[in-house]
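Chains as they are written, first to last, in the working numbering: chain Z, 35 to 390; chain X, 35 to 390; chain A, 35 to 390; chain P, 35 to 390.
Watch out, some of these pointers could steer you wrong.
No distinction is drawn between identical chains; accordingly, a pair holds when it is met within one copy or between any pair of copies.
As the list claims (entries may be wrong) - Distance condition first, Cα-Cα at most 20 Å in a straight line; then the derived EDC-like pairs of lysine to aspartate or glutamate:
#1 LYS135 - GLU198
#2 LYS144 - ASP298
#3 LYS135 - ASP310
#4 LYS135 - ASP201
#5 LYS135 - ASP104
#6 LYS135 - ASP298
#7 LYS123 - ASP154
Simulated from the structure, these hints should not be mistaken for laboratory data.
Protein chains: 4
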Amino acid sequence: MPGPGSPVELRELPLPELEENAALLRVTCSEVCGTDVYLREGRLAGVPYPIIPGHVSTGVLESIRGTITDIYGRPFHEGDRVTFLDVHKTCHQCWFCLVAKASTRCPHRKVYGITYGVGDGLCGGWSQYVYIKPGVRCIRLDGVSDELYMAGGCSLPTALHAVERADVRFGDTVLVLGAGPVGLSTIAFSSLRGAAKVLCIGAPRIRLDIAEKMGGTVLDFTRHSIAERTDWVLTQTHGRGADVTIECTGVPEAVTQAMRFTRDAGAVVVVGQYTDHGETTLNPHLDLNKKHLEVRGCWGSDYSHFHRAVDMLQSPNAALKWSSVPLRAVELSQVNQAVDLVASGAVVKALVRPNA
Amino acid sequence: MPGPGSPVELRELPLPELEENAALLRVTCSEVCGTDVYLREGRLAGVPYPIIPGHVSTGVLESIRGTITDIYGRPFHEGDRVTFLDVHKTCHQCWFCLVAKASTRCPHRKVYGITYGVGDGLCGGWSQYVYIKPGVRCIRLDGVSDELYMAGGCSLPTALHAVERADVRFGDTVLVLGAGPVGLSTIAFSSLRGAAKVLCIGAPRIRLDIAEKMGGTVLDFTRHSIAERTDWVLTQTHGRGADVTIECTGVPEAVTQAMRFTRDAGAVVVVGQYTDHGETTLNPHLDLNKKHLEVRGCWGSDYSHFHRAVDMLQSPNAALKWSSVPLRAVELSQVNQAVDLVASGAVVKALVRPNA
Amino acid sequence: MPGPGSPVELRELPLPELEENAALLRVTCSEVCGTDVYLREGRLAGVPYPIIPGHVSTGVLESIRGTITDIYGRPFHEGDRVTFLDVHKTCHQCWFCLVAKASTRCPHRKVYGITYGVGDGLCGGWSQYVYIKPGVRCIRLDGVSDELYMAGGCSLPTALHAVERADVRFGDTVLVLGAGPVGLSTIAFSSLRGAAKVLCIGAPRIRLDIAEKMGGTVLDFTRHSIAERTDWVLTQTHGRGADVTIECTGVPEAVTQAMRFTRDAGAVVVVGQYTDHGETTLNPHLDLNKKHLEVRGCWGSDYSHFHRAVDMLQSPNAALKWSSVPLRAVELSQVNQAVDLVASGAVVKALVRPNA
Amino acid sequence: MPGPGSPVELRELPLPELEENAALLRVTCSEVCGTDVYLREGRLAGVPYPIIPGHVSTGVLESIRGTITDIYGRPFHEGDRVTFLDVHKTCHQCWFCLVAKASTRCPHRKVYGITYGVGDGLCGGWSQYVYIKPGVRCIRLDGVSDELYMAGGCSLPTALHAVERADVRFGDTVLVLGAGPVGLSTIAFSSLRGAAKVLCIGAPRIRLDIAEKMGGTVLDFTRHSIAERTDWVLTQTHGRGADVTIECTGVPEAVTQAMRFTRDAGAVVVVGQYTDHGETTLNPHLDLNKKHLEVRGCWGSDYSHFHRAVDMLQSPNAALKWSSVPLRAVELSQVNQAVDLVASGAVVKALVRPNA
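Turn these sequences into a full structure, and let the hints guide you.
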């Protein structure tokens with residue numbers, strides 16, 4: 035990806051010489067997601083173009099120099115099928131890491147496929163090989179196929195984090211705004227968390243069909259006014275609004291709507307505002323104070339979310355949910371079309387197979 | 035208070051006949067607070083004018099019919115010096131009380147001095163007597179003078195609730211926006227909660243002087259631009275913003291400012307938006323999502339906040355803080371002037387002595 | 035049940051005259067559970083024998099005097115199929131209710147079928163009719179059959195409370211000790227809460243088979259030594275022990291074992307010690323302090339647990355779990371045999387149909 | 035300290051050559067605490083004798099090679115007056131660090147003065163110099179004298195952690211068992227946290243006098259039977275027991291007593307069982323389950339506790355509390371006597387000044 039606004043180009047790059055305790059991953063699948071759309075459009079700040087996109091990938095460890103281990107201290111071996119956490123270099127030395135314990139706000143983080151440039155090495159998955167730098171955290175995909183993992187992909191830790199931050203209680207009605215990959219994984223995790231009912235307001239129909247398979251009761255927002263959507267939520271909730279609403283849309287106004295769809299003393303999680311789409315307006319008396327409402331922004335994810343998301347996929351119940359997500363796989367040469375399909379919402383989940 | 039926009043008038047009303055398990059309180063002090071200003075202006079919805087204002091009062095139990103007890107089951111006696119929780123009739127039978135356990139959003143609550151009309155009896159403290167209906171919860175003022183209690187008054191449970199909801203940690207820097215009675219009590223409780231530093235942006239100078247006595251480091255917002263205020267907060271916090279900001283102003287824009295004064299992964303409590311003063315604008319990406327911020331509306335208080343606030347006043351450390359609040363006491367005939375003084379900010383805390 | 039150690043006798047009692055806002059329930063099913071075994075053995079303190087046992091029951095409202103409503107304020111009608119919360123008279127006026135907000139420790143609680151005697155009226159479900167006193171909280175069984183509800187019965191709110199108190203996280207391994215009704219419901223709720231794996235150590239085989247259907251991986255403790263059980267838990271958990279252990283056995287030593295089966299910085303919930311079976315021994319350095327372990331006693335349940343448990347049964351996923359519990363129904367005349375079967379563990383769940 | 039059971043000997047060791055990003059600290063004060071008594075007695079497992087004791091020390095950075103920074107990224111300079119976190123090498127790579135986020139149970143931790151042997155270098159404070167290895171976290175003592183810091187010393191992060199884990203609420207009565215350094219700091223932090231009352235059962239009188247200055251109401255356990263102590267606690271708490279009890283004694287039976295001194299639905303924190311003193315006996319029905327009690331072991335501390343403890347000392351309120359602790363300072367040659375004094379309880383806090 036040469037720069038903002040330009041299509042992705044294929045380039046030949048040399049294979050890196052491995053540092054001590056580094057590895058080379060032969061990529062099986064790499065995700066094409068909404069972030070990649072934003073990256074091509076140039077909507078993210080601080081991206082060191084040109085970059086190799088592809089922040090979430092699976093593959094096989096082709097060569098290892100020195101030792102890399104999992105978090106149980108077990109060494110990885112060449113030939114192991116793994117994925118890795120795209121977020122790298124969380125420092126564990128700064129005030130955010132050590133005192134606030136808010137490592138997703140550590141200023142030293144780097145992200146494969148997003149904040150590493152081509153000059154930093156093979157740090158993106160839309161490539162035949164990814165360079166696993168020393169300290170990058172890999173995880174074995176035991177009992178989880180590449181395709182199942184990719185059905186969730188980057189939305190897995192994001193949605194797990196959001197649902198955890200939502201403090202869902204047994205018997206809650208959770209409302210998910212948006213039916214993109216994060217919305218769908220949020221529906222699945224809400225359902226797995228003990229919500230008695232999961233509602234989803236989203237579009238298009240193709241995604242809502244999957245939302246239903248993942249446990250959601252759905253409403254197509256393109257066919258219903260705000261007033262109708264509100265009525266629908268109230269009807270589903272004994273007239274009081276959702277216990278928890280999780281915003282996964284990216285549209286600023288959806289944050290205010292989320293507050294209004296939620297019952298008094300409920301909670302809203304804002305996880306869809308990944309990039310700057312502008313402002314929204316709200317009434318602090320009616321929307322926050324008198325409602326005794328909590329609104330929780332939710333940024334990124336850490337190793338804990340990633341690890342536990344993979345653990346969850348090993349349970350049959352969870353696997354069933356994500357296996358209903360259709361995948362559109364393309365070769366490396368067709369990646370721009372894949373980005374187009376994601377941008378238009380025509381596919382739910384696209385991926386590249388660089389070695390296919 | 036005959037109706038919105040009209041001054042308070044003195045009226046003679048008959049003493050009530052006591053129901054079983056009710057009492058008559060001879061009022062010593064009753065508060066004149068910002069809510070009373072709003073009541074006179076007609077800014078609160080659903081007020082059954084004409085009303086007897088005065089929601090927080092102290093007095094002596096003049097007569098009791100049947101038995102009224104404290105929460106330890108001990109009966110009250112005639113002659114006991116008490117205060118009582120103005121919030122009444124929380125039902126403990128509805129979904130909000132029993133399932134959400136959010137009793138401050140119980141739709142059956144009634145509030146002395148605000149949502150009871152003259153037709154409901156002597157249900158306000160700007161009166162020589164208050165009728166303590168069956169079920170109203172009184173508390174003895176053991177070791178706490180009427181004046182000390184009134185120095186906090188209705189702001190005590192409100193501020194205790196807000197600081198509790200703020201989840202202050204040891205070592206935090208808490209920023210309080212506003213130096214009215216709620217702001218001042220919030221400074222005191224934040225300081226008593228283990229904050230290493232409590233900042234306050236407010237005005238006028240007379241209130242900021244008290245804010246300092248209660249444990250605050252202060253800035254007069256009338257003399258500093260938003261940019262200067264931001265710089266001041268950053269300078270006080272190693273450049274990262276307050277760990278927790280508690281909004282006690284009533285100005286909608288202050289909610290957005292609170293979010294911007296707060297560090298990433300911090301928290302904002304909104305407790306000042308007691309009435310509808312309109313909208314504010316914010317950027318959900320920058321102000322919520324990327325910041326990983328929590329914003330918590332905080333409505334009203336319940337018996338627990340009230341009870342523990344009175345318990346706190348019994349500790350010398352806490353008593354010292356509130357004893358620095360100057361009180362302006364007036365006779366019943368001068369209550370309109372007291373409301374004027376509160377409205378103008380010329381006094382910090384005014385009260386009526388109806389039997390003086 | 036005439037007294038401790040005596041078998042249950044059939045007696046004819048007059049139908050009560052209804053007070054205002056009371057009702058008469060024609061009983062369809064009433065549970066025979068471990069508590070009833072203890073009641074017949076006289077192991078519970080403070081039981082006002084003779085009593086009518088049967089604390090959890092379903093039925094049809096035969097007659098209503100005045101108005102009784104659900105927590106949404108909707109009136110019940112004669113002919114409605116309902117169940118009701120056996121715990122009654124939680125006072126909402128004492129320190130435990132109002133300040134600690136620990137209503138299960140309210141000293142004023144009375145429990146149908148346990149702490150009401152025959153002299154208090156028809157306050158137990160092993161009877162053709164139950165007198166629904168004013169203030170007893172009923173709930174409609176919409177979409178939930180009597181049999182499905184009874185498959186969980188009194189273990190539903192108990193287990194929901196225990197699992198909630200366990201703070202299960204996504205991806206956790208939960209270990210349940212015991213495979214009686216509370217153990218089984220705890221397995222089901224743990225699985226519905228997002229545990230990646232639920233282990234159960236229990237017996238006999240008939241119950242372990244159901245434990246597996248409810249989501250558990252099981253070990254028969256009668257065939258394995260403590261050392262073998264420990265090895266099994268460690269093998270299932272990467273060598274570190276369960277993240278959360280929930281004790282549902284009633285055996286004092288199981289509490290110490292639970293602590294030793296749990297990983298460092300994990301949690302143990304103690305919910306099985308419903309009656310006094312004596313003491314256990316532990317090493318506070320090794321079992322608590324160095325482990326950084328939390329041990330949480332869990333007593334009773336409140337309306338919130340009851341209400342949400344019924345809500346959960348309306349979700350197909352949950353219904354599937356409890357529908358795997360076999361029920362043994364008897365007539366009123368055979369209730370002593372049903373107690374025997376429960377005492378011996380020969381049946382998982384027994385119930386009486388007093389009007390069959 | 036050559037080995038278990040032997041007195042400390044003075045030895046001459048060479049000054050180390052500094053690695054990159056390491057430093058040499060000229061020690062001003064180093065603590066002599068209960069851990070050192072245990073170390074000399076050989077009661078701690080896994081200590082690599084011979085060791086240089088002294089895990090908490092203050093001093094001046096004499097020389098720095100490369101760069102060492104504080105958590106704000108600011109470099110330290112030679113001549114800076116600092117202290118450092120004795121816990122070192124928390125790995126931030128294992129399951130406990132990354133998934134459980136329970137870094138005090140990270141198996142890779144090393145502790146200056148305890149788990150480093152003489153062969154590891156100058157890793158204890160009873161020495162003229164301490165070698166600050168790469169990665170050791172120092173903190174400037176701005177506004178905090180060496181003596182004030184040492185008045186708390188290693189008890190500061192321990193007690194802050196324990197009080198934080200106790201979840202003290204405004205208005206609580208906290209009971210502290212034990213009046214050693216951890217007990218005293220626990221009293222101070224409980225008082226700073228918003229407890230309305232802090233009780234302490236301990237001995238000897240010299241320590242109880244300080245406990246009173248730090249905010250405690252005290253009882254000498256050597257003069258009162260268990261029954262009298264229980265009565266005293268009940269009298270102080272409206273007959274219900276302490277809201278929170280924090281065990282700081284090291285005596286196993288104190289853990290069971292703590293449970294019995296605590297009210298239903300309250301909490302016990304166990305922080306005093308630092309070494310293995312054997313077992314205790316409890317009744318899980320009466321002491322845990324029916325009480326709905328939480329018992330929380332509390333192990334060690336992390337950088338967050340250490341950092342915020344130092345921040346707290348900068349507030350005048352906190353400084354006042356710890357300045358009431360008398361210090362007994364000795365030269366290096368008298369350190370065995372200092373250990374004797376600590377062991378006998380004859381002094382509250384002893385320290386070594388190796389360069390005096």
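These are the hints, each one checked on the structure:
{"no.": "1", "hint": "LYS135 - GLU198", "in the structure": "both (16 Å within a copy, 15 Å between copies)"}
{"no.": "2", "hint": "LYS144 - ASP298", "in the structure": "between (39 Å within a copy, 18 Å between copies)"}
{"no.": "3", "hint": "LYS135 - ASP310", "in the structure": "neither (25 Å within a copy, 31 Å between copies)"}
{"no.": "4", "hint": "LYS135 - ASP201", "in the structure": "both (19 Å within a copy, 15 Å between copies)"}
{"no.": "5", "hint": "LYS135 - ASP104", "in the structure": "between (22 Å within a copy, 16 Å between copies)"}
{"no.": "6", "hint": "LYS135 - ASP298", "in the structure": "between (30 Å within a copy, 11 Å between copies)"}
{"no.": "7", "hint": "LYS123 - ASP154", "in the structure": "within (13 Å within a copy, 28 Å between copies)"}
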